[in-house]
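As a plain string of letters, each chain reads:
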Amino acid sequence: MARMKFLCDADRCIECNACVTACKNEHEVPWGINRRRVVTLNDGKPGERSISMACMHCTDAPCAAVCPVNCFYTTADAIVLHDKDLCIGCGYCFYACPFGAPQYPRVGNFGGRGKMDKCTYCAGGPQADNSAAEYIQYGANRIAEGKLPLCAEMCSTKALLAGDGDIIASIYRERVSKRGYGSGAWGWRTAYKEGVQA
Amino acid sequence: MRALLLTLALLCAAPAFAQAPAPFTTRDQTSAEELELQRALQGGTISGRVSIPDTKSGNLVQPEGENWRQFHNRTLYTVGAVAVCGVLGLLWLFYTMKGRIRIAGGPSGRTMQRFNLLERTNHWMVASSFIVLMLSGLNLTFGRYIILPTLGPEAFTTLSMWGKVAHNFLSFPFVLGLVVMFLLWAKDNLPHPRDLEWLKMGGGFIGRGHPEAGRFNAGQKGVFWITMLGGAAVAVTGYILVFPFFVTDIAGQQLAHMIHGVLAMLMIAAILAHIYIGSVGMEGAVDAMTTGQVDYNWAREHHSLWVDQELAKARTTIDPGAKTAGAD
Numbered sequence: 084m085a086r087m088k089f090l091c092d093a094d095r096c097i098e099c100n101a102c103v104t105a106c107k108n109e110h111e112v113p114w115g116i117n118r119r120r121v122v123t124l125n126d127g128k129p130g131e132r133s134i135s136m137a138c139m140h141c142t143d144a145p146c147a148a149v150c151p152v153n154c155f156y157t158t159a160d161a162i163v164l165h166d167k168d169l170c171i172g173c174g175y176c177f178y179a180c181p182f183g184a185p186q187y188p189r190v191g192n193f194g195g196r197g198k199m200d201k202c203t204y205c206a207g208g209p210q211a212d213n214s215a216a217e218y219i220q221y222g223a224n225r226i227a228e229g230k231l232p233l234c235a236e237m238c239s240t241k242a243l244l245a246g247d248g249d250i251i252a253s254i255y256r257e258r259v260s261k262r263g264y265g266s267g268a269w270g271w272r273t274a275y276k277e278g279v280q281a
Numbered sequence: 131m132r133a134l135l136l137t138l139a140l141l142c143a144a145p146a147f148a149q150a151p152a153p154f155t156t157r158d159q160t161s162a163e164e165l166e167l168q169r170a171l172q173g174g175t176i177s178g179r180v181s182i183p184d185t186k187s188g189n190l191v192q193p194e195g196e197n198w199r200q201f202h203n204r205t206l207y208t209v210g211a212v213a214v215c216g217v218l219g220l221l222w223l224f225y226t227m228k229g230r231i232r233i234a235g236g237p238s239g240r241t242m243q244r245f246n247l248l249e250r251t252n253h254w255m256v257a258s259s260f261i262v263l264m265l266s267g268l269n270l271t272f273g274r275y276i277i278l279p280t281l282g283p284e285a286f287t288t289l290s291m292w293g294k295v296a297h298n299f300l301s302f303p304f305v306l307g308l309v310v311m312f313l314l315w316a317k318d319n320l321p322h323p324r325d326l327e328w329l330k331m332g333g334g335f336i337g338r339g340h341p342e343a344g345r346f347n348a349g350q351k352g353v354f355w356i357t358m359l360g361g362a363a364v365a366v367t368g369y370i371l372v373f374p375f376f377v378t379d380i381a382g383q384q385l386a387h388m389i390h391g392v393l394a395m396l397m398i399a400a401i402l403a404h405i406y407i408g409s410v411g412m413e414g415a416v417d418a419m420t421t422g423q424v425d426y427n428w429a430r431e432h433h434s435l436w437v438d439q440e441l442a443k444a445r446t447t448i449d450p451g452a453k454t455a456g457a458d
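Read top to bottom, the protein sequences are chains E and Y. First residue of the first sequence? That's 84 in our numbering, and the numbers climb one at a time after it. First residue of the second sequence? That's 131 in our numbering, and the numbers climb one at a time after it.
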């Protein structure tokens with residue numbers, strides 16, 4: 084099986100936020116929840132970088148490790164998903180996540196957390212593939228249809244890459260060697276315990 | 131080779147970027163490794179600008195999450211297991227070796243009031259909410275390993291969800307009770323030189339003889355101040371967690387959880403000992419918090435100075451000519 088990963092080429096990202104919009108539209112993500120966001124570092128200064136960030140679907144995922152109700156599971160494609168019927172909205176996954184991926188609707192007491200929502204790598208959840216129940220809870224399941232995440236497919240500069248880790252790493256390596264520079268595969272060491280060797 | 135040299139150069143230059151996140155101006159590196167990320171991470175968390183209202187999402191990478199994971203899954207688990215099991219083990223050992231502490235002179239059959247209705251009601255409000263807070267809190271750390279395998283995922287989620295709701299709401303009666311408790315008992319719990327004497331004699335539990343004590347002995351004062359100071363710290367950190375990101379950022383939330391978790395575990399250990407000595411551990415002790423009427427001999431043995439005080443008070447407030455209980 085493939086080992087699905089995200090890779091954001093920060094030298095290509097133009098902060099158009101098409102990935103964010105595509106994600107919100109595809110899954111009808113409610114107000115206040117952002118499964119993906121673009122962070123601009125050193126905004127307006129020399130060496131500005133924009134990085135599109137969402138759940139990186141980590142190897143040995145911290146969210147899964149700290150979850151008090153053990154609601155996370157990893158698919159055969161190494162996509163980290165969770166069961167909203169089991170989530171209690173405690174917020175622990177957000178404390179542990181290095182990328183700030185988990186999101187919580189404000190439905191609980193005192194404006195507290197409801198059931199956690201995060202990037203599903205367009206792979207839905209534990210409900211039957213592409214069922215209405217799955218769509219309401221997790222959004223579209225493009226993986227079940229043989230498609231890749233929409234954020235990466237919509238990316239106009241092809242900065243955001245999604246797919247098998249080995250394939251997207253080789254694409255990125257080729258880019259870096261051709262253009263002669265690269266700021267690195269952001270978050271790969273943290274998420275996958277491995278980098279992209281030049 | 132060139133990449134290696136660049137890595138070395140960047141590593142040497144790294145301390146220069148330690149303070150503020152520096153602009154990424156090196157465009158000539160041909161490495162696909164995360165050199166920029168590593169460099170930016172010299173300052174810990176990496177933050178930037180986002181165009182969405184959720185400002186905390188500007189936090190791109192926070193490596194401290196890994197530390198928090200280690201804390202939650204190892205440190206807190208170990209501290210909790212050692213504290214709770216350790217105290218239960220010690221209490222069991224104490225009970226098997228010394229058994230129930232009896233009233234040395236036997237029950238006299240005459241009683242005197244130790245706690246009034248307000249004091250008892252308030253104590254049980256704090257106690258009952260503490261027990262639910264304790265169980266629902268312990269569930270978050272240990273439930274996944276102990277209860278989840280027996281209950282199954284759906285039932286365990288229902289339990290934990292109710293636990294979370296109860297934990298959030300019962301914090302209010304708990305904190306209110308702590309405030310009232312402080313107003314009622316703080317003045318009788320101020321440290322006194324005789325407390326040292328009490329501690330030296332092991333409170334009469336470990337050593338021999340009954341040391342003198344006023345309304346509260348040194349052990350009870352210890353429980354009182356553990357409850358007050360621990361309770362205050364746990365309440366403050368708890369409300370930070372209940373209202374996420376209102377007063378602090380992710381690092382603050384993690385720290386609040388760490389303080390909350392460790393102090394709560396230690397408080398649980400202390401309160402387990404308190405529950406033991408107030409119930410099965412000592413004859414006559416539980417009456418103080420049920421009927422409020424304790425046996426005269428029990429009071430004499432454990433709180434002799436307080437008994438003298440109460441009797442003196444009673445003598446000055448009675449009608450002349452009235453026959454008082456305890457004065458015959």
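Each hint should be verified, as a subset may be incorrect.
What the hints assert, rightly or not - List of simulated lysine to aspartate or glutamate pairs, DMTMM-like, C-alpha gap at most 25 Å: (1) LYS167/E to GLU131/E; (2) LYS107/E to GLU217/E; (3) LYS198/E to GLU194/Y; (4) LYS198/E to GLU284/Y; (5) LYS276/E to GLU194/Y; (6) LYS107/E to ASP168/E; (7) LYS107/E to ASP212/E; (8) LYS198/E to ASP438/Y; (9) LYS186/Y to ASP247/E; (10) LYS186/Y to GLU98/E; (11) LYS167/E to ASP438/Y; (12) LYS186/Y to ASP94/E; (13) LYS276/E to ASP160/E; (14) LYS317/Y to GLU431/Y; (15) LYS128/E to ASP184/Y; (16) LYS241/E to GLU217/E; (17) LYS276/E to ASP249/E; (18) LYS186/Y to GLU131/E; (19) LYS167/E to ASP212/E; (20) LYS107/E to GLU284/Y; (21) LYS167/E to ASP184/Y; (22) LYS230/E to GLU131/E; (23) LYS228/Y to GLU196/Y; (24) LYS443/Y to GLU284/Y; (25) LYS186/Y to GLU111/E; (26) LYS186/Y to GLU109/E; (27) LYS241/E to GLU131/E; (28) LYS230/E to ASP126/E; (29) LYS317/Y to ASP438/Y; (30) LYS230/E to GLU257/E; (31) LYS198/E to ASP417/Y; (32) LYS198/E to GLU196/Y; (33) LYS167/E to GLU196/Y; (34) LYS330/Y to ASP438/Y; (35) LYS167/E to GLU217/E; (36) LYS276/E to GLU196/Y; (37) LYS198/E to ASP143/E.
Bear in mind the hints are in silico, worked out from the structure with no lab data behind them.
(request) Would you check the hint for LYS241/E and GLU217/E, treating anything up to 25 Å between C-alpha atoms as holding? (result) Since the Cα atoms of LYS241/E and GLU217/E sit roughly 29 Å apart, the hinted pair is violated (cutoff 25 Å).
(request) Mind checking the alpha carbons of LYS230/E and GLU257/E for me, to see if they're no more than 25 Å apart? (result) Satisfied, since the Cα-Cα distance of roughly 24 Å is no more than 25 Å.
(message) Hinted pair, alpha-carbon criterion (25 Å max): LYS107/E, ASP168/E. Please report holds or violated.
(response) holds (22 Å)
(message) LYS198/E and GLU194/Y were given as a pair; does the straight-line alpha-carbon distance stay at or below 25 Å?
(response) holds (24 Å)
(request) Take the C-alpha atoms of LYS167/E and ASP438/Y, compute the straight-line distance between them, and say whether it is at most 25 Å. (result) violated (63 Å)
(message) Need the status of pair LYS276/E, GLU196/Y: alpha-carbon distance at most 25 Å?
(response) It holds: about 13 Å lies between the C-alpha atoms, which stays within 25 Å.
(message) Run the distance test for LYS330/Y versus ASP438/Y: straight-line Cα separation, threshold 25 Å.
(response) holds (23 Å)
(request) Would you mind confirming whether the straight-line C-alpha gap from LYS443/Y to GLU284/Y stays at or under 25 Å? (result) violated (60 Å)
(request) Would you mind confirming whether the straight-line C-alpha gap from LYS107/E to GLU217/E stays at or under 25 Å? (result) Answer holds: LYS107/E to GLU217/E is near 16 Å, not above 25 Å.
(message) Would the hint linking LYS186/Y and ASP94/E be met if the CA-CA limit is 25 Å?
(response) holds (24 Å)
(request) Mind checking the alpha carbons of LYS198/E and ASP417/Y for me, to see if they're no more than 25 Å apart? (result) violated (45 Å)
(message) Hinted pair, alpha-carbon criterion (25 Å max): LYS107/E, GLU284/Y. Please report holds or violated.
(response) Between LYS107/E and GLU284/Y the Cα gap is close to 29 Å, so the pair fails against 25 Å, i.e. violated.
Checked against the numbered hints above, the structure violates hints 1, 8, 9, 11, 16, 20, 22, 23, 24, 28 and 31; every other hint is satisfied.
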